[in-house]
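Trainee: Residue numbers (the UniProt record's numbering), protein chains in the order written: chain F, 1 to 276; chain G, 1 to 223.
The reader is advised that the hints may include incorrect statements.
Cross-link-like lysine-lysine pairs, in silico, BS3-like; alpha carbons within 30 Å at most [to be verified]:
{"hint": "1", "chain 1": "F", "residue 1": "Lys-61", "chain 2": "G", "residue 2": "Lys-87"}
{"hint": "2", "chain 1": "F", "residue 1": "Lys-41", "chain 2": "F", "residue 2": "Lys-30"}
{"hint": "3", "chain 1": "G", "residue 1": "Lys-51", "chain 2": "F", "residue 2": "Lys-51"}
{"hint": "4", "chain 1": "F", "residue 1": "Lys-189", "chain 2": "F", "residue 2": "Lys-203"}
{"hint": "5", "chain 1": "G", "residue 1": "Lys-202", "chain 2": "G", "residue 2": "Lys-160"}
{"hint": "6", "chain 1": "G", "residue 1": "Lys-72", "chain 2": "G", "residue 2": "Lys-51"}
{"hint": "7", "chain 1": "G", "residue 1": "Lys-160", "chain 2": "F", "residue 2": "Lys-115"}
Derived DEER-like restraints, expressed as beta-carbon distance ranges [as the list claims (entries may be wrong)]:
{"hint": "8", "chain 1": "F", "residue 1": "Asn-94", "chain 2": "G", "residue 2": "Ala-65", "range": "17 to 27 Å"}
{"hint": "9", "chain 1": "F", "residue 1": "Glu-55", "chain 2": "G", "residue 2": "Asp-183", "range": "36 to 46 Å"}
{"hint": "10", "chain 1": "F", "residue 1": "Ser-183", "chain 2": "G", "residue 2": "Gly-212", "range": "43 to 53 Å"}
{"hint": "11", "chain 1": "F", "residue 1": "Glu-55", "chain 2": "G", "residue 2": "Tyr-217", "range": "29 to 39 Å"}
{"hint": "12", "chain 1": "F", "residue 1": "Ser-183", "chain 2": "G", "residue 2": "Gln-84", "range": "33 to 43 Å"}
{"hint": "13", "chain 1": "F", "residue 1": "Gly-17", "chain 2": "G", "residue 2": "Asp-54", "range": "50 to 60 Å"}
{"hint": "14", "chain 1": "F", "residue 1": "Glu-173", "chain 2": "G", "residue 2": "Arg-215", "range": "46 to 56 Å"}
If you want a taste of the chain F side facing chain G, the calculated C-beta under 7 Å gives, among others [what the hints assert, rightly or not]:
{"hint": "15", "residue": "Arg-89"}
{"hint": "16", "residue": "Ile-93"}
{"hint": "17", "residue": "Tyr-97"}
None of these hints come from the bench; they were simulated from the model.
Just so we're clear, the structure is a prediction, and the values are computed from it rather than from any experiment.
Even glycine gets a Cβ: it sits at the ideal position worked out from N, Cα and C.
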Amino acid sequence: MFRNQYDTDVTTWSPAGRLFQVEYAMEAVKQGSAAIGLRSKSHVVLACVNKANSELSSHQKKIFKADDHIGVAIAGLTADGRVLSRYMRSECINYSYSYESPLPVGRLVVQLADKAQVCTQRSWKRPYGVGLLVAGLDESGAHLYYNCPSGNYFEYQAFAIGSRSQAAKTYLERRFENFMGSSRDDLLKDALFAIRETLQGEKLTSSICTVAVVGVGEAFHILDQGTVQALIEAFEIAGEEATASEPTAADQPASEPGAAADQGAPAGHDAAPMDI
Amino acid sequence: MTKQQANWSPYDNNGGTCVAIAGADYCVIAADTRMSTGYSILTRDYSKICKLADKCVMASSGFQADVKALQKVLSARHLIYQHQHNKQMSCPAMGQLLSNTLYYKRFFPYYSFNVLGGLDNEGKGCVYTYDAVGSYERVGYSSQGSGATLITPFLDNQLKSPSPLLLPAKDAVTPLSETEAIDLVKTCFASATERDIYTGDKLEIVVLNADGIRREYMELRKD
Chain F
1 MFRNQYDTDV
11 TTWSPAGRLF
21 QVEYAMEAVK
31 QGSAAIGLRS
41 KSHVVLACVN
51 KANSELSSHQ
61 KKIFKADDHI
71 GVAIAGLTAD
81 GRVLSRYMRS
91 ECINYSYSYE
101 SPLPVGRLVV
111 QLADKAQVCT
121 QRSWKRPYGV
131 GLLVAGLDES
141 GAHLYYNCPS
151 GNYFEYQAFA
161 IGSRSQAAKT
171 YLERRFENFM
181 GSSRDDLLKD
191 ALFAIRETLQ
201 GEKLTSSICT
211 VAVVGVGEAF
221 HILDQGTVQA
231 LIEAFEIAGE
241 EATASEPTAA
251 DQPASEPGAA
261 ADQGAPAGHD
271 AAPMDI
Chain G
1 MTKQQANWSP
11 YDNNGGTCVA
21 IAGADYCVIA
31 ADTRMSTGYS
41 ILTRDYSKIC
51 KLADKCVMAS
61 SGFQADVKAL
71 QKVLSARHLI
81 YQHQHNKQMS
91 CPAMGQLLSN
101 TLYYKRFFPY
111 YSFNVLGGLD
121 NEGKGCVYTY
131 DAVGSYERVG
141 YSSQGSGATL
151 ITPFLDNQLK
161 SPSPLLLPAK
171 DAVTPLSETE
181 AIDLVKTCFA
191 SATERDIYTG
201 DKLEIVVLNA
211 DGIRREYMEL
221 RKD
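Isolated chain G, as found in the complex (with noise of 0.2 Å):
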């Protein structure tokens, strides 16, 4: 007599690829927007990236219906901090409370990978990177999603430092000019849309610096 097993799962896997680069003065956040459900396609223009403050920014893959909620809920959490403190939510303090928040669900998770980019207290880029449970960590660049697999050695081998063991140590933040590091994550996705199914469509980048916000986008293979 074998266990029951639910026929019914409160989750899907929508697919998706998420990256970030933090650069000295800068944050670069990407994502495509192809939102999938199995191996169908549900729709090619869906952006997985939110502005969660004025200096931060978060794209999350995974389930979009989680995704859409954390969005909520850190918005109006957000909004509730601007009524009490009178500024912003800086980029470490949005760090911390999206991990709090994701622990809070620590026995019914959001199905939620996701990368945060921003600008630190000091104007430098900076990149958080979570798993579904709320644990994280700062980096230099970041990858989630069903293309990671294929992105993540691709970074590492185009920005990570030299081993944290060396001293003095080295600054994770990329040497990179903005430019480069755009290049960079298009040359990415390109990459990745080939041979991962979930990834393609369009490319949405989202870059952070001293100016403010701006947003381009690059069209990736439809297939």
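This is chain F alone, in the form it adopts within the complex (with noise of 0.2 Å):
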């Protein structure tokens, strides 16, 4: 995307009828580290990749627990997403309290998409920078939804958001026809292993990925690095030993976002991301 005259404001239209502030806020979950989500008939599992700024620093927080049936793991502008899973843990909590039953995930996530359009519609607002990759289950069974910053949201078996996110894709392409049928540990299996495509030959240990579980008996919850690590060993996907991978756009506060649209990245025949 190269910059043009109609990308001034969220509300300005361009001749070809897109939005670009909308697309470059898209670009910005493009830019975060990644995350994955992938379902079977009574679990859902997320995991994300969580690298530090420098050695000295802690990691950035990306899964939330919205309620104990619903968590949402966030790729893009991390403090965005804070603010959003602060509005979704209220909101659960109200539903509670006045209908003493759990939010629904499907209003969940209407209700996020309708406050992420609300942003594309206002001169003085800006939208959404972070995509949602939102787990739950309700009484229809166990959910993943993908919520974009564009307003759009959409239900998947398995999606992977964020930067090297492509490889993940690939491989839940390949499996994901067994999903429904899988146990919960060949969920957290493939979970880890389309993590370690992301990571491009580096090693993956518990200390640089999170893992969070939500299922049928199962309230939602992160996994310690123990267990993880336990896992990573018992499945065998450490992977070869690191060549120092290239410095990944690890998640940045609000302070480049200039830099996003100016990657020069090869213009041309990409569709709108609202037309997926």
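Using the hints, put the two standalone chains together into the complex.
Mentor: Pasting the structure below:
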């Protein structure tokens, strides 16, 4: 994407019928570190790559619990993600308070999407720069949704977002038909394998990834490092020793929106992301 | 010309009695299960006890609609706390939250007489006692509700520590063992049931200690 005269604010259409600010927001999601989700009939697993900016700092939190039956993994501007997860928590609590039952996942996802849409139609706002993988369980089963900054949402069997997510998507595409019948452990194995695909040769250890599960009879929770490391070793997916991986676009605070747009990615027949 | 009085009240009193006793490493919270209105019984099997956090249990008598609303508000606030702090609320923290929540409705109060029991940050038993608008105090034992006037003097006799003016200061927490405290509670309710018409049917006892939470029941007179 290149700069053009229709991309200054979100309330300006281009002649081709595109809102460039929204598309740039979707770019921000692609720059964040990878997050993947997959589901079976009874469980949903979220996993993400946690790259710290430097050895001195801690990892950014990318997976949040919204309620016992819903969790979310984010990619992009993590500050926006934090704010949205606070909104999700609040909605879940208010629904439980009024109806004494858990908020159906589909409802929450629509509310999130509507919230995102508002930011695409106000001249004084900007779209949220974060993609959300919402994993949840309700009466109609296990669900995985993807919410994008455009205000669209889709339900998935498995999905990956963020940088180098295409590698994970390819892996998942090969295997997704089996997921519905998978056991919880198989799902976790596939999640870790998919994460490994995004690392491009770097060694997979529990210190650079986070895994969370929700399932029938199992409240949403993030697995602790020890458990994840045991799973990695059990599935023997540590991978080869690292050749130093290229500096990844670790999630940066909103100080570099310009850099994303100016990347000079091959222009051309990218369909407007809203067309997916 | 006398002032016009309301002939409808938003409140009702559903009766019942609650007691809590703090021990060195446990806490006993108990309440009867009778719910009444006027001279009638609504049900013989209604729990006035609510677990607010892992180490914090509340028993409330008064107007049960307000009690239920109060329990829901506190549970929701506890969820928010857990999301923000990644841990459960301690009993003293919940104690302060309850006080603030009650005072928030100072000019249309929750008609709820509460007793909060649990373990403090050091694992010792703690009991907090409240009035309807949030005034509270940490004590070694407490009783609220229709039978409180019968039970409190008895507990004073059995458990009260010597005057706080005496030095060195004595801990308000009772030296009784857990089984002795439960026995004492059963005695309290058996006595209160005899003379208070709003107390009876069944006694629900919740015990909190380092091993977790335990619940037991005892039959009371049903008349």
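Trainee: Please flag the earlier hints that this structure goes against, numbers listed from lowest up.
Mentor: Those not satisfied are hints 3, 7, 9, 10, 11.
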